[in-house]
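Top line first, the protein sequences correspond to chains A and B.
Residues in the first sequence are numbered from 232 upward in steps of one, following the numbering used here.
Residues in the second sequence are numbered from 94 upward in steps of one, following the numbering used here.
Read the hints as simulated data drawn from the structure, not as lab findings.
Hints are supplied without guarantee of correctness; some may be wrong.
[Stated by the list, open to error] Subject to a maximum C-alpha distance of 30 angstroms in a straight line, what follows is the list of computed DSS-like cross-link-like pairs (lysine-lysine):
no., chain 1, residue 1, chain 2, residue 2
1, B, K253, B, K284
2, B, K305, B, K248
3, B, K253, A, K284
4, B, K252, B, K313
5, B, K248, B, K381
6, B, K248, B, K351
7, A, K284, B, K248
8, B, K313, B, K351
9, A, K284, B, K263
10, A, K450, A, K284
11, A, K284, B, K284
12, B, K381, B, K284
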Amino acid sequence: MRKLLTANHAVSHAVRLARVEVIAAYPITPQTPIVEELSEMCASGALAAKFIKVESEHSAMACCIGAESAGARSFTATSSQGLALMHELLHWAAGARLPIVMAEVNRALGPGWNIWADQTDSLAQRDTGWLQFYCESAQEVLDSVLIAYRVAEQASLPAMVAYDAFFLSHTAEVVEVPSQESVDRYLPPYRPKLELGVEAPAAFGALTSPDYFMEFRLKAEQAMEAAADMATQAMEEFAGLFGRRYYPLEAYSSDDAELILVVTGSAASTARVVIDRLRGSGKRVGLVKVKLFRPSPKEEIRRLLGRAAKVAIVDRNLSLGAGGIVAQEIAAALANEPARPAIHSYIAGLGGRDITEETLEEIVEDALSQVRARPRPLWVGVRS
Amino acid sequence: MTDAPGPEELLRPGHLACQGCAAALAMRYVLGALGERTVVVLPASCWSIIAGPFPSSSLAVPLVHVPFETAGAVASGVRAALDVRGRRDVEVLAWAGDGGTFDIGLQALSGAAERNEDIIYACYDNEAYMNTGIQRSSATPRYAWTTTTPATSPKTTPKKNIMEILAAHKIPYCATATVAYPQDLADKVAKARKYRGTKFLHILCPCPPGWKYEPRFTVKLARLAVHTKVFPIYEITGGDTYRINIDPEGTPVAEYLKLQGRFAHLNETEMEEMQARVDFEWGRLLHKSLMEPFTRQQR
Chain A
232 MRKLLTANHA
242 VSHAVRLARV
252 EVIAAYPITP
262 QTPIVEELSE
272 MCASGALAAK
282 FIKVESEHSA
292 MACCIGAESA
302 GARSFTATSS
312 QGLALMHELL
322 HWAAGARLPI
332 VMAEVNRALG
342 PGWNIWADQT
352 DSLAQRDTGW
362 LQFYCESAQE
372 VLDSVLIAYR
382 VAEQASLPAM
392 VAYDAFFLSH
402 TAEVVEVPSQ
412 ESVDRYLPPY
422 RPKLELGVEA
432 PAAFGALTSP
442 DYFMEFRLKA
452 EQAMEAAADM
462 ATQAMEEFAG
472 LFGRRYYPLE
482 AYSSDDAELI
492 LVVTGSAAST
502 ARVVIDRLRG
512 SGKRVGLVKV
522 KLFRPSPKEE
532 IRRLLGRAAK
542 VAIVDRNLSL
552 GAGGIVAQEI
562 AAALANEPAR
572 PAIHSYIAGL
582 GGRDITEETL
592 EEIVEDALSQ
602 VRARPRPLWV
612 GVRS
Chain B
94 MTDAPGPEEL
104 LRPGHLACQG
114 CAAALAMRYV
124 LGALGERTVV
134 VLPASCWSII
144 AGPFPSSSLA
154 VPLVHVPFET
164 AGAVASGVRA
174 ALDVRGRRDV
184 EVLAWAGDGG
194 TFDIGLQALS
204 GAAERNEDII
214 YACYDNEAYM
224 NTGIQRSSAT
234 PRYAWTTTTP
244 ATSPKTTPKK
254 NIMEILAAHK
264 IPYCATATVA
274 YPQDLADKVA
284 KARKYRGTKF
294 LHILCPCPPG
304 WKYEPRFTVK
314 LARLAVHTKV
324 FPIYEITGGD
334 TYRINIDPEG
344 TPVAEYLKLQ
354 GRFAHLNETE
364 MEEMQARVDF
374 EWGRLLHKSL
384 MEPFTRQQR
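Let the hints inform the model, and build the full structure from the sequences given.
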């Protein structure tokens, strides 16, 4: 069924379709409409979930940890400060191998207070052991929540679906909402591999000595590595059932490109327009959209970016003192390639500043004109 | 009474508690009264150690270790999962120390209590951060020595009244207990099970290394805490109906204090002050126990 939905409400529908059993969440702009809609769905009976209206994001994640430990498919949603408050428990959820799924609306971290788009919040959680999917449309957000459950439960790892504040969270577009029957075919009921149950009493998360700790971490890392292929497969199967194809890294006009622009999130749609125009004027430029950030799709990065002469990476985030996080990741993935491209790094769109066609065109033109990549990222669209 | 009140032992031999640990006894009594259809949610505390390291467990019931400040919230999530999966008959026991209850876990506990989550939350209170080596918590009594309140600069603020905080949430049942009265504790667990909603048990647990006394005095100290009125045994139903369960003998507070090295630096004036404060608080509690509860006034 086609519906006019914001990305936030697209998430609520995905959660309903995923037959989530326990929801725990706390309000924060711009995430709030997700849980308002879910509250309505739970109240009307459209979704038979228990919704725990907690007193903080920290407790939201703690509730999900409890619910998932006891074998229930669970969900939460947050943004920015709320995600930062969860930080300790993000590590815990991943270490406990709990496939919780979270919608994360990318919003800047204060100060000063800023409710607008910025991906530093989720990217700063890159070491917590959560799968991370980034999206560029409300449709992709809905689909990614379903894909996230599929992969998370297969890998026994938590997953977050991240998307830009307001550009997506509050912007309505026509979304194809799949039928319950088709989603049931894609996403079977959750069958926990281990659970907190009285039939088979066990202790979870106990004191773990140096004799065992590394093996637990290695198993989690192996699961994370395996999750990259699981994600590709889950996206393929999704395309087979629903006709919409996603990729961990999505290439656009990049086969023969000398320069490849790399973006994440809502800027990808703008970037396609820019690439088309520049192609029209004879420039051999292409685009790669990063959808899967964790696990890092290193093979795909090498395959899609390794042959270009230049890569221009747009980071809507900032790791103070180190620059753009996506640029660092891509540079690291290409580090041992014999003929690796020059990495041109750009910071743009922080705190909701618009990334326009002009912004991206300026970035492409700059990268094309540079003989050698700068040692530091170039900030685009800032006042001098 | 020397034996566990429950029909079976759910605390197994080989646990890692210190000699004379009241927190181990308390778990034994509470689980004995709850039975094997119980899930334990355990935040960081002495019990993180007592339960045993991977791959062993000293409990015969399922147990999940959780971060320090999360007992109330994780227990809420476990309860929700058990409910949606049709396992209403399984009890959820959050088992936290005083640090995890009075301090770092207070917010999550308040959230759970305000939502009236159907859980039993037991605080085993040994009156300091004992697992990290005896640092003061907000459950530490006035004038007590700890490693962060040295005898030359002891704690000057009173122990936080956690029972009043929980009662203010108007949850169905709050009760105090000690390991000196296991039948009273078991009866309270049984009573807690009958209520739907959040039940709070505040169990005083003397700690030989933390309070500085010989392990053989654990039960004696727990009994003295009751009879000196330092730790009255009472229950609050519906947040407003107070009932004192054990009449104290009125033993002088000094007899309780003098057995503990953590109070060894107290002079006579300070002991008299402690006595006066205990008498005052007891009077207030007595007054509340005589008040007509709201529910009865409405009839």
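Verification of the supplied hints:
1. B:K253 - B:K284: Holds - the C-alpha atoms of B:K284 and B:K253 are around 25 angstroms apart, at most 30 angstroms.
2. B:K305 - B:K248: holds, 16 angstroms
3. B:K253 - A:K284: holds, 27 angstroms
4. B:K252 - B:K313: With Cα atoms ~21 angstroms apart, B:K252 and B:K313 stay inside 30 angstroms; holds.
5. B:K248 - B:K381: The given pair, whose Cα atoms are some 28 angstroms apart, holds under the 30 angstroms limit.
6. B:K248 - B:K351: holds, 17 angstroms
7. A:K284 - B:K248: Roughly 37 angstroms between the alpha carbons, so the hint for A:K284 and B:K248 is violated.
8. B:K313 - B:K351: With a Cα-Cα distance of about 13 angstroms, the restraint between B:K313 and B:K351 holds, given a limit of 30 angstroms.
9. A:K284 - B:K263: Cα-Cα ~18 angstroms, so holds.
10. A:K450 - A:K284: violated, 34 angstroms
11. A:K284 - B:K284: Roughly 28 angstroms separates the two Cα atoms, so the pair holds.
12. B:K381 - B:K284: It holds: about 21 angstroms lies between the C-alpha atoms, which stays within 30 angstroms.
When the structure is compared with the earlier hints, violations turn up for hints 7, 10 and for no others.
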